[in-house]
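The working numbering puts the first residue of the sequence shown at 502, with every later residue one more than the last.
Since the hints were made in silico from the structure, they are not lab data.
Nothing here was measured: the structure is a model prediction, and the numbers come from that model.
Watch out, some of these pointers could steer you wrong.
[Unchecked claim] Taking lysine-lysine and the DSS-like style, the derived pairs with C-alpha atoms no more than 27 Å apart in a straight line are:
1) LYS719 <-> LYS702
2) LYS571 <-> LYS657
3) LYS693 <-> LYS719
4) LYS571 <-> LYS616
5) LYS648 <-> LYS702
6) LYS657 <-> LYS693
7) LYS1012 <-> LYS999
8) LYS702 <-> LYS657
9) LYS657 <-> LYS616
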Amino acid sequence: MKKILLTFLLCAAGFGAAAAPDPALVRQLAAEDNSDKITAIQQLAQTADPEATRILQAMADDSLFLAGDKVFIFDGETARDALSGETAEMPDDAESVTVNNRLRGELANALAALKLFDPDSAVRLAAARELQSNVGAEMAEILGRAKAQESDAQIKALLSLAHAQATLQDADPAVRLAAVRALAETASPAVKSLLLPLTDKATEADDGVRNAAIIALKEIERRLAWGETLAAIFSGLSLGSILLLAALGLAITYGVMGIINMAHGELLMVGAYTAYVMQSLFRNYLPEWIDWYLPAAIPVAFFTAAAVGVLMERTVIRWLYGRTLETLLATWGLSLVLIQAARVIFGAQNVEVSNPSWMSGGVELLPNLILPWNRVIIIGFALFVLFLVWVLMNRTRLGMFVRAVTQNRPMAGCVGVLTARIDTMAFALGAGIAGLGGVALSQISNVGPDMGQGYIVDSFMVVVVGGVGQLAGAVWAALGLGIFSKLLEGWAGAVIAKIAILVAIIIFIQKRPQGIFALKGRFADQ
502 MKKILLTFLL CAAGFGAAAA PDPALVRQLA AEDNSDKITA IQQLAQTADP EATRILQAMA
562 DDSLFLAGDK VFIFDGETAR DALSGETAEM PDDAESVTVN NRLRGELANA LAALKLFDPD
622 SAVRLAAARE LQSNVGAEMA EILGRAKAQE SDAQIKALLS LAHAQATLQD ADPAVRLAAV
682 RALAETASPA VKSLLLPLTD KATEADDGVR NAAIIALKEI ERRLAWGETL AAIFSGLSLG
742 SILLLAALGL AITYGVMGII NMAHGELLMV GAYTAYVMQS LFRNYLPEWI DWYLPAAIPV
802 AFFTAAAVGV LMERTVIRWL YGRTLETLLA TWGLSLVLIQ AARVIFGAQN VEVSNPSWMS
862 GGVELLPNLI LPWNRVIIIG FALFVLFLVW VLMNRTRLGM FVRAVTQNRP MAGCVGVLTA
922 RIDTMAFALG AGIAGLGGVA LSQISNVGPD MGQGYIVDSF MVVVVGGVGQ LAGAVWAALG
982 LGIFSKLLEG WAGAVIAKIA ILVAIIIFIQ KRPQGIFALK GRFADQ
């Protein structure tokens, strides 16, 4: 008997859903009072009727018109009767139905609710996700119906949360208690703000509901704290990957030649402007391939920055080997020259470098933890560059020469290594890697003449902490500095975090001046 009754109720619901929208409700969409419009929108949303979806979508698109007691949908070319959907002649006195921001919010919720009954599971999933942020008590009934008939487990879980939000203000304490317990399983800041009023006795009279809300808030805060910590770690990894790309080249040049290159940050700037130029070329000449400007910019940035590095080494730095103070001052002067050159060529203002479409968006791991694709890809790119540098340094003849000069320059020269040529090639390699870092930096930061100034000090700290000429040390130092910086920023602020890290590095260098990984070789300590 129960099965027969259930079947009858489902059929009745199905016939109700298939009924045409109430003409009075459709006309009420054009009422002068916004409250009447909202009531009509909410009642139409309860019908789960595709025709209601069509009418409300037209209203959201500003395509709904009123003439007398008739409502029309006009798409710019063809007018149709809103109720029948048949082609009609648009009267001359037809007026567009006014929709303000408040009404647009109601329409968005109503359309999302109606899409919960779409045959396509992807549409239902998108609608369920959209309803997670703003659900009113008036949607409890339709959400309950959608949850009851939903077969997809992921969508049903989202509908359960949305239904719980909609029933938080229910008159029945048992219903409110069930809603609170359901919401306790989430980790959403929005849900936290919804439950907070229920912890006050003036708002929630029932002790069971109030105590459940207090417990739920503690659980949600614990999950939010985990999400914030993971977000800080990911942000630190992202910062560390940029520092790694900046410090790899610096580690090579400083290890081979002992040069403190204060213009290394400007080589990052060269790579970033190269990405901007490639983007402009693709926009003007290959607009259909604009999403691929970034892969094309990578080799161009490497060779452009390498060429600038060779020019710097051949014209200025080569004549100052062994004279640390003069080299420091000379490279600082070169950095000013490069900054001014960028201002003359590209202007003093920052330029826009947009992410390709395949780097837009992100992956949501928690409600308060979204990993942007641009940062995920940059981390992967940094690891790929690190792998290529490791192969170059450990599996090629050039790498062997670079390591030989780094460990014992006089002996390397005695056995036939052309140390002057290795200096130039090492400087070109380090500058090229910095150019790659600039390409990566252009995807997450502003591109301007002064952009490299903020990374030069951190890059030197990475080299010193990691150990001169040590790739493994640069990796650990870059990732460690990045992660600890972000964790400390969340706790003490950016300024205090910088000071604390600088103090920690000074103490570390006092205890271990050779860095994390000491340079090996007979003359390493000399």
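Structure-based check of all given hints:
1. Of the supplied pair hints, the one linking LYS719 and LYS702 holds, its CA atoms being roughly 17 Å apart against a limit of 27 Å.
2. Distance restraint check for LYS571 and LYS657: the Cα-Cα separation of roughly 39 Å exceeds the 27 Å cut-off, and the hinted pair is therefore not satisfied.
3. As the CA atoms of LYS693 and LYS719 are separated by approximately 9 Å, the hinted pair is consistent with the 27 Å bound.
4. For the proposed pair LYS571 and LYS616, the alpha carbon gap of about 26 Å is at most 27 Å, so the pair holds.
5. A distance of roughly 31 Å separates the Cα atoms of LYS648 and LYS702; the hinted pair therefore is violated under the 27 Å criterion.
6. Note on LYS657 and LYS693: the hinted pairing holds, with a Cα-Cα distance of about 21 Å set against a maximum of 27 Å.
7. For a cut-off of 27 Å, the pair hint linking LYS1012 to LYS999 stands: about 20 Å separates their Cα positions.
8. As the CA atoms of LYS702 and LYS657 are separated by approximately 32 Å, the hinted pair breaks the 27 Å bound.
9. Restraint check: the Cα-Cα separation between LYS657 and LYS616 comes to about 14 Å, which is no more than 27 Å; the hinted pair holds.
Taken one by one, the earlier hints fail for this structure at numbers 2, 5, 8, listed in ascending order.
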